[in-house]
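Guided by the hints, dock chain B onto chain A, whose structure is given.
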Amino acid sequence: MGGGPATAKTASYVLVAADAGTTVAMNAAGSTTITVNTGLFAAGDTVFIQNLGAGACTVTAGTATVATAGSLILPQNDAGILYFTSASAAIFYDYIQVGATSPLTTKGDIYVYGSSDTRLPVGSNDQILVADSSTATGLKWAAAASGGMTLISTTTLSGASVTLSSIPTTHKHLQLVILNCLQVDDGTRLGVRFNGDSNANRYYMWETFGSETNASYNADIVYISHYFDNGSPSTFNSVTTFWNYGDASVQKMASNCSLGKNWQTDTNFVAKNNMFLYNQTTAITSLVLTMNTGNFTSGTALLYGVS
Amino acid sequence: MTKSKPQVKIVNCETGEEIVRDATAAEIAQIELDAVNDAARKTEAEAKAAQKAALLERLGITESEARLLLS
Chain A
1 MGGGPATAKT ASYVLVAADA GTTVAMNAAG STTITVNTGL FAAGDTVFIQ NLGAGACTVT
61 AGTATVATAG SLILPQNDAG ILYFTSASAA IFYDYIQVGA TSPLTTKGDI YVYGSSDTRL
121 PVGSNDQILV ADSSTATGLK WAAAASGGMT LISTTTLSGA SVTLSSIPTT HKHLQLVILN
181 CLQVDDGTRL GVRFNGDSNA NRYYMWETFG SETNASYNAD IVYISHYFDN GSPSTFNSVT
241 TFWNYGDASV QKMASNCSLG KNWQTDTNFV AKNNMFLYNQ TTAITSLVLT MNTGNFTSGT
301 ALLYGVS
Chain B
308 MTKSKPQVKI VNCETGEEIV RDATAAEIAQ IELDAVNDAA RKTEAEAKAA QKAALLERLG
368 ITESEARLLL S
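Protein sequences, first through last, are from chains A and B.
Numbering-wise, our numbering puts 152 at position 152 of the first sequence, and it's gapless, one number per residue.
Numbering-wise, our numbering puts 367 at position 60 of the second sequence, and it's gapless, one number per residue.
In isolation and in its complexed conformation, chain A is listed as follows (with noise of 0.2 Å):
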């Protein structure tokens, strides 16, 4: 294929009119071009550029221009034919097209593209793809995201009060849930502070879903219980959720629902949601659980942080 006597390259070079019919052999070591300049070819005129060295030797357009549907970069062993439809526009035909060629050496590499086609080494185990415009090929290997439920702590609960303190605020919500709560005093429930703060009017506990209200901030604590019954079994539980717990730009908002026992008709369950309002901005470090009036009997405080 190609034709015509064949002229050794060693360095880049600028083609000439009498290179038309003929084959230019690229041989080096390093990076080369071949400049393609108008005006010395004529219409079906055609040049053999073939790349023996080691060094990528890439057709340039020069004044004249150079279409390709495959890659004007040819590496080492690659070759294409220059055909003129012009004196002053080419098309090169490359016999080898890069994408025909795989990049890819190792278990996992995958195939990408940056100015040019190129393999992504496999990352790490359980690393995940994530696109990332600063690197070459806008994309890297990473470590996934964190997601899901952690566990904090799990508190028996007992005596007045159980403080949960010390709270890390690394997640974006936290979710208390109360497992089998049974207190000593039947009819009384139980109350949650934020940081432990019991001053007056920093909380407004919101009863009935899908209405407005003008939070009136008129309590030093919430509920997340109604007042329960205290026979054993227990038949107590809560979720509560805390968004943003941990930002201390914003008011604090809380979500509750919670079920168990009527204290004066045991037959009969109560399910309560509740909304809560904080109205101060301090993360959210320490939670403090306590009944209205006596003490738990028994129970589990479950801590989790949401990310």
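Mixed in with the good hints there might be a few duds.
[To be verified] FRET-style restraints, in silico, Cβ to Cβ:
(1) B/356 <-> A/126: 46 to 56 Å
(2) B/346 <-> A/146: 41 to 51 Å
(3) A/146 <-> B/364: 52 to 62 Å
(4) A/127 <-> B/375: 47 to 57 Å
(5) A/197 <-> B/351: 18 to 28 Å
(6) A/218 <-> B/358: 17 to 27 Å
(7) B/364 <-> A/244: 42 to 52 Å
(8) B/344 <-> A/144: 39 to 49 Å
[As the list claims (entries may be wrong)] Below, a list of computed lysine-lysine pairs in the BS3-like style, where the Cα atoms sit at most 27 Å apart:
(9) A/261 <-> B/359
(10) A/272 <-> B/355
(11) A/261 <-> B/349
(12) B/355 <-> A/261
(13) B/349 <-> A/272
(14) A/172 <-> A/140
(15) A/261 <-> A/272
(16) A/272 <-> B/359
[Said to hold, decoys possible] Reference excerpt, derived from the structure (chain B facing chain A, CB under 7 Å, subset only):
(17) 313
(18) 314
(19) 315
(20) 316
(21) 317
(22) 318
(23) 319
(24) 320
(25) 337
(26) 338
(27) 341
(28) 342
(29) 345
In short, the hints are calculated from the structure, not lab data.
Glycine residues also receive a C-beta, built at the ideal position from the N, C-alpha and C atoms.
Frame of chain A; chain B shown alone:
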């Protein structure tokens, strides 16, 4: 016989350390205040529940039937 002080439990979520101790005077005061404050709320809640029950009885319908009417 002396009345024992309420106990409070403090759990350090970073270290897992648990301390159980007698409530301080301030904590006892808060416990007593909570009981007083909530007594009124509980009375109010009980009164409301009694009113609701009486109204349902007068109307001769159940709570779920009342909900159905309002839904």
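**Request:** Hold the hint about residue 314 of chain B up to the distance rule: shortest CB distance to chain A must be less than 7 Å.
**Result:** With Cβ-Cβ at 4 Å, under 7 Å, it holds.
**Prompt:** Given residue 320 of chain B was flagged as interface, is its beta-carbon under 7 Å from a beta-carbon of chain A?
**Reply:** This interface hint holds because 5 Å falls under the 7 Å limit.
**Message:** Looking only at beta-carbon atoms, does the pair residue 364 of chain B, residue 244 of chain A fall within the given range of 42 to 52 Å?
**Reply:** holds (46 Å)
**Request:** Return the status of the interface hint for residue 338 of chain B: holds when the least beta-carbon distance to chain A is below 7 Å, violated otherwise.
**Result:** This hint holds: residue 338 of chain B lies near chain A, its Cβ roughly 6 Å from the closest one there, short of 7 Å.
**Given hint residue 316 of chain B near chain A, where the shortest CB pair must fall under 7 Å** = holds (5 Å)
**Item:** Satisfaction of the hinted span 41 to 51 Å by the C-beta atoms belonging to residue 346 of chain B and residue 146 of chain A
**Value:** holds (45 Å)
**Request:** With a cut-off of 7 Å on the beta carbons, see whether residue 342 of chain B makes it to chain A.
**Result:** holds (4 Å)
**Message:** Quick check on residue 315 of chain B please, does its C-beta sit within 7 Å of some C-beta on chain A?
**Reply:** Check passed: Cβ of residue 315 of chain B comes within 5 Å of chain A, closer than 7 Å.
**Asked** Is the Cα-Cα distance between residue 261 of chain A and residue 272 of chain A 27 Å or less?
**Response** Holds, at roughly 11 Å.
**Prompt:** Regarding the hint that residue 345 of chain B lies at the interface with chain A, is the smallest CB-CB distance below 7 Å?
**Reply:** holds (4 Å)
**Request:** Would you check the hint for residue 272 of chain A and residue 359 of chain B, treating anything up to 27 Å between C-alpha atoms as holding?
**Result:** It holds: about 17 Å lies between the C-alpha atoms, which stays within 27 Å.
**Item:** Evaluation of the interface hint that places residue 319 of chain B against chain A, nearest CB under 7 Å
**Value:** holds (5 Å)
Of the hints listed earlier, there is not a single one the structure fails to meet.
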